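Participant: Here's the letter readout for the chains.
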Amino acid sequence: MVLSTTERYYLLECLSGSKVIRADARRVDQFRPVEATCSFLPNSNGSSRVRLPDGSECIASVKAKVVKVESSEVTDLLNVEVDINGQRDDAEAVVSFSSILKESLAQCIPESLLKLTEKYAFELSIDAIVISYPSGISSFYSILTLVSMAVYLALKSTSLPLLTSTTEDAEVEEEPTFSDDWDLAKLLFPKDRLLAPPLLFVLAMVGPNLLLDPSVEELEVAENGLFVGFASNKAGAPIRSISLNSTNNKGLSTNHILDAVSTVDSVGGSVLKALNSIVENSTSEF
Amino acid sequence: MSRFEIYSPEGLRVDGRRWNEIRRFECRINSHPTSSDGSSYVEQGNTKVLCLVQGPMEPALRSQSSTAQGSLIVNVSVTPFATVERNKRPRNDRRIQELSATLTRTFNKAIVLKNYPRSLIQVNLQVLALDGGLLAACTNATTLALMDAGISMYDYISSVTAGIFDGQTPLLDLNTIEENELGFLTVGVIGESEKLALLLMEDRVGMDSLEKVLAIAIAGSHRIRELMDIQVRNYGKHKVAKLANQ
Amino acid sequence: MEGAVAKRKVLSSGLTVSQKVFVRSRNGNASKIVREHYLRDDIPCFSQACTQCSELYQSDNGTVISAVLSESPSSLQSSNIGRHYVLLDTNVVLGAIDLLESDSVFFDVVIPQTVLNEVRNKSLPIYTRLRALCKSDDKRIAVFHNEFSSSTFVSRRSAETINDYNDRLIRTTASFYSDHLKSTGIKMIYITNDKNNLELALAESLDAMSLEAYIGLLPNSQELLDLLPTLRTDFSRSGTKLKFPDYYSTSRLLGGIKNGTLYQGIINISSYNSLEGSISVSSLPKPLLILGSENLNRSFSGDTVVIEMLPRDKWKKPSNDIVDEETLGSSENADNDDPESVISDRERRLLTQEAVKAQTSGNDDDRVFPTGKVVGISKRSWRSYVGQISARSVDKTQSSNATRSVFVILMDRSLPKVRIRTGRAKDLVGKRIVVSVDSWPANMSHPEGHYVRTLGDVEDKDAEQEALLLEHDVEYRPFSKNVLECLPKEGHDWKVPEDLNNGDPQLAKRKDLRHKLICSIDPPGCVDIDDALHAEKLPNGNFEVGVHIADVSHFVKANTAIDQEGASRGTSVYLVDKRIDMLPMLLGTDLCSLKPYVDRFAFSVLWELDQDANIVNVSFTKSIIKSREAFAYEQAQNRIDDESQKDDLTKGMRYLLALSKKLKQKRMDAGALNLSSPEVKVHMDSETSDPGEVEIKKLLDTNSLVEEFMLLANISVARKIFDAFPQVAMLRRHASPPQANFEQLNEMLRVRKNMAVSLESSKALADSLDRCVDPNDAYFNTLIRIMATRCMMSAEYFASGNYSYNDFRHYGLAVDIYTHFTSPIRRYCDVVAHRQLAAAINYEPLSIIHRDKTKMDLVVKNINKRHRNAQFAGRASIEYYVGQVMKNAESLEEGYVIKVFSNGFVVLVPKFGVESLIKLNTLTQSGAAKFDEENFKLTFTTEAGEEREIAVFDRIKVQVKSVLDEMTSKRKTQLVLV
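Chains as they are written, first to last, in this note's numbering: chain D, -13 to 272; chain W, 79 to 324; chain E, 137 to 1114.
Hint data in this document are derived by calculation from the structure and do not stem from the laboratory. Each hint should be verified, as a subset may be incorrect.
27 Å max Cα-Cα, derived DSS-like pairs, lysine-lysine [what the hints assert, rightly or not]:
#, chain 1, residue 1, chain 2, residue 2
1, D, Lys51, W, Lys290
2, D, Lys54, W, Lys166
3, E, Lys1023, E, Lys567
4, W, Lys290, E, Lys693
5, E, Lys673, E, Lys731
6, E, Lys258, E, Lys331
7, D, Lys101, W, Lys166
8, E, Lys1023, E, Lys714
With the C-beta cut set under 8 Å, the calculated list includes, among others, these residues of chain W facing chain E [unchecked claim]:
#, residue
9, Pro87
10, Gly89
11, Leu90
12, Glu99
13, Arg101
14, Gly123
15, Asn124
16, Val162
17, Asn253
18, Gly284
19, Met285
20, Asp286
21, Ala293
On a predicted model such as this, the values are computed, not experimentally measured, just so you know. Just so it is clear, CB atoms sit at the ideal spot from N, CA and C, and this is done for glycine as well.
Whole structure, please, built from the sequences with the hints as guidance.
Facilitator: And the structure:
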């Protein structure tokens, strides 16, 4: 999005002061309204669709497949692919989104969650497709939050078929068999456990301030950016600095980073709660 | 022998339909107002397709610019999770490219392209779930999204598949199980006419049964045109009412 | 948690759509499957008494649906039920399909779709029979699609097993019918053999009962009760020790097969030894042996089983002894199931003997055979079996009407006895009866079955013939109405149209060959004339030769009822005094048959052959011909030989004969095999139609004349259809025999005769067979040919896409490509070849059923099976009649020893084409005998105290007589050494 000098100056003024005034009247730590649904894809174990008011939209799907496991690395059981409409498969954002998501997921999903028997496990294929994004977007990193929410919801709504054959197959080979009843399928992330997939929050730095969930215009004037992970009910790794536009790049101070972590810490819980209520309230079409 | 009774002696198909019934057809127009110039979402049974149209706009490449008429680009992307077995198709997948080419050819004739010289119209289709009738659902979604974008068209192109069972009975609007068992074709019908803007016959429809398969496919397309028309008119009314309120 | 009720949505078309969601386990993976499921209100109840549904019988698009259930169904007098329909549960259909087919019970039946689907998943053959029954007008069976009807569909409950859910769907249907028919006064009786389901149904106040209870209410219950399938609960006794090892779980089996620790294959149990099975496993060069009933673990010969290899110390040699169940089973009282009798000590001893032998044969790996045990059964081969009640298992002291268990000994010796329950055991002794097998629980020494029907007395000609047809799975019932309706309306008056330009474009494509001097040459008395020939000399000195084949595909159009029937029968079956036609008589013996003096449609192959019978060119055309004469072989031979005959027809025949000799010579030079089977012909006394005498078939030059041209036609057609349809051309191949098949024969020849047959090529084999001559015994060469034939692979039909061109080869005929084209009246392969050829010459388009590879694979699989069965049935028929002939005429004949065991040897008597085992214990009291395995020699002392030596290939005198086998009640040849 091309801003005129006046627009740019005005925005900077509003956002970098001690009292931040965002163009859409949000607080610094406030999200834009998110519209989301779950479990709408018939052929997926879990699925979600998340939209932002600016027209950004991401669809995520989780499909599980039974595989024989050689190593015990959970990363071998996770296959994350991000697709951004109109971008090549080897585009920088596509590649880095996939690897960021995979790494953060690998840290939060214990292997035991996917393990079926001594020899077999579920392999998850997580596909996130960014259907649309604002036309003048200056950096794809701004939609990382959207993608991570879609993946979160898809995983939270994921159910895995119930194994009916024995789990002890180290000595005698058994082909895993499953109950044909989809109602008996077990949620990958059981409701009664704290275990949850991670979320990634993007913040834009303008002057001394940090803006959560920056809008397209805010990205233009951002002087730097970073994203912070949120898992197990607290902010933490991964934390990385990202460039949100091609022009401004001022350094992040320690304060900025600590500030970001504490913002995410305070907001994360309520975001999670809101997302979980979406999962619980969306009755599966299938 | 098939694992299913594709068409039982009592005249019912695997999913309980009769020979001449289409599946559940649901569509939405203007599903993505903020991120596109025209958009639609079509569900034909469990096949789900989303369509976004950009344009008419200035082409990024000179080669796409023609003084005589507008140019049309159709991109189809079948998501890896659309089928029961995950299947990531490369972007240059032959079948998908063929599908794009077929759609481009069809809509080149359906859009009044001479109204849009030096302009580009870009259609992006995302297939979210696939249960038979891929080309048909893409065609219907494209028709709706182009209309939403306000692009002049000569008429609706409505589309459906039809197959032949045992060389005798034509079956309308096949799902995946039926597509795997039967020879079938896809037609795209222009408006309320019996003229075809699109005909794709992959294989195995005997010439002796072609006529009855075509007849049922055209009738089915007309039914789908009606359902799309209802949706378009409802949306139109809704929009007019909204403008009047302002 | 509330069960996820599938959302339902009403569409503008009036249908309601919901989603079926389930998990599909396949190849170790588990996929979520979602399918749309439409519910409708327009499915009629099929009752003629119902007025509400009358508008729902529409006949759109050729599918005619009409109310089939009678307005006034039968009434049960003995209870307060009155007029009623019945609704059958899956277990009843599966267990009592024979009863359902009988014409004395079960009219006005409703089969819910749920039941139909369950039956289809469990047994395709029973599903096919059920569907055929639904078509029959007099049984009045209706399939009600309950899962598509909004009034009877219910969603699956959370955590409800699929079986419980299906049961509930069926009960809901029964309940719907009860309410729906209330005003008509007709009741719906739900019949189920599932105890829990019955209780649930009664609790829901449905009119439900078990099959036995229902039959008990019928007036003819006495005769019907015998026909009931056995219920496992009838037999389960507490305290019975488990006898057979349990089968492994499905996941264990699948896992094992996948990782190569278990093998799957079709088990073949020896008809000489019912305790020895073998199974070909792809990863082993030789078949794996399964020895003893515990290892065979309830498998039937022909079952697809999963096996596990036994440890090396349990590996065996193939049994050289013959073991009968009769000699092993001590306890014959079927109700007294002695748990120890399964592995008797005698069996153990036999097994131990073998084990010892295996060990003493040293380290020679070739002499030890790996063995395995059955750990699971993937697919049962169970069908109806013919047998007779073992008289010994009938307790003569008991009062006659008590229902008791008896054993039925099956005619197929490789199968175990079947236990049935009957109240008429005494009446049934001495009869050929048909039984069905129901189950074989692990705690039962024998499988459980039930009586189906009686064929007649043992040795009664008709009963034996029917038994033979049943045993070989030959469909012999008259053609159904549907099939006969496909025949031309004119019947025998059908004629080739006079006017060939009557506007029929197909007719216009036919070539008029009526001016050609065509004749047919067949066995005497032949009525279904498939082929006719002609030859004439061309001005350039070459010959025009035509082979004209009955144009069956003109009358049998693809995918019609008559075509489906033909495809399913696959071939005509020739018994000694009966022919089971593949196609109705009207076609076979009249309209298609190339009878003399009348115009007939034909499919012609026309060649130009040069002086040396090389093909100059070939063409194919549909034609109209008029045969000048129908010759018998001998007649034709006489006419050719009669020098006074100088007419053009005879000249043509002489050209044919001369050319055929050249063709034959060329084939022989290329390495075609001249193999032999002991073919005999039974002469029937024309008045009494009792078999009179047995004769070995005589071959004339004219036999081979016809044969050569048929081969040539088949080869030419094969090339043409392969060109046109490289993926689906209907062809026939004959694989070269593996070396291993000939090992034993070669060893015998080497040791006994210092001869050998070579397998390097078919040419080498043919030449080496020619060299196997004994100057003192003219028959010896034929004997070797017979034995060599048995080592060959059998030829098979295939669709061309399934093999590479090099594997098309027909080894026996020494040609690169071959098909069957010349006998479409009696072989279905030929019909397909006709259609493919017709399409190849653009006569008419080829039906999808012959263009689709998977459909062709099914056709091919079936005709291969039918072809084999027809051969076996034919042989069995000859065997039976030879037995009858010999019953009246014992004689002293020459025989040849073809196999030697440690306790007997097999002798072949060429004159009758019979072979039989002579057991050692019939020759010597002491049992003292020396078996020299290396030299195929058995030395023993006869009762007269004389020492005798019998070795393979010995020519010996035997007394031939026919005896009734006590066990199988089959008449068989008994040979006595003289």
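Participant: All hints are to be evaluated individually against the structure, with a verdict given for each.
Facilitator: Hints versus structure:
no.: 1; hint: Lys51/D - Lys290/W; verdict: 42 Å, violated
no.: 2; hint: Lys54/D - Lys166/W; verdict: 21 Å, holds
no.: 3; hint: Lys1023/E - Lys567/E; verdict: 20 Å, holds
no.: 4; hint: Lys290/W - Lys693/E; verdict: 20 Å, holds
no.: 5; hint: Lys673/E - Lys731/E; verdict: 25 Å, holds
no.: 6; hint: Lys258/E - Lys331/E; verdict: 20 Å, holds
no.: 7; hint: Lys101/D - Lys166/W; verdict: 24 Å, holds
no.: 8; hint: Lys1023/E - Lys714/E; verdict: 21 Å, holds
no.: 9; hint: Pro87; verdict: 7 Å, holds
no.: 10; hint: Gly89; verdict: 4 Å, holds
no.: 11; hint: Leu90; verdict: 5 Å, holds
no.: 12; hint: Glu99; verdict: 6 Å, holds
no.: 13; hint: Arg101; verdict: 6 Å, holds
no.: 14; hint: Gly123; verdict: 5 Å, holds
no.: 15; hint: Asn124; verdict: 6 Å, holds
no.: 16; hint: Val162; verdict: 5 Å, holds
no.: 17; hint: Asn253; verdict: 7 Å, holds
no.: 18; hint: Gly284; verdict: 6 Å, holds
no.: 19; hint: Met285; verdict: 6 Å, holds
no.: 20; hint: Asp286; verdict: 7 Å, holds
no.: 21; hint: Ala293; verdict: 11 Å, violated
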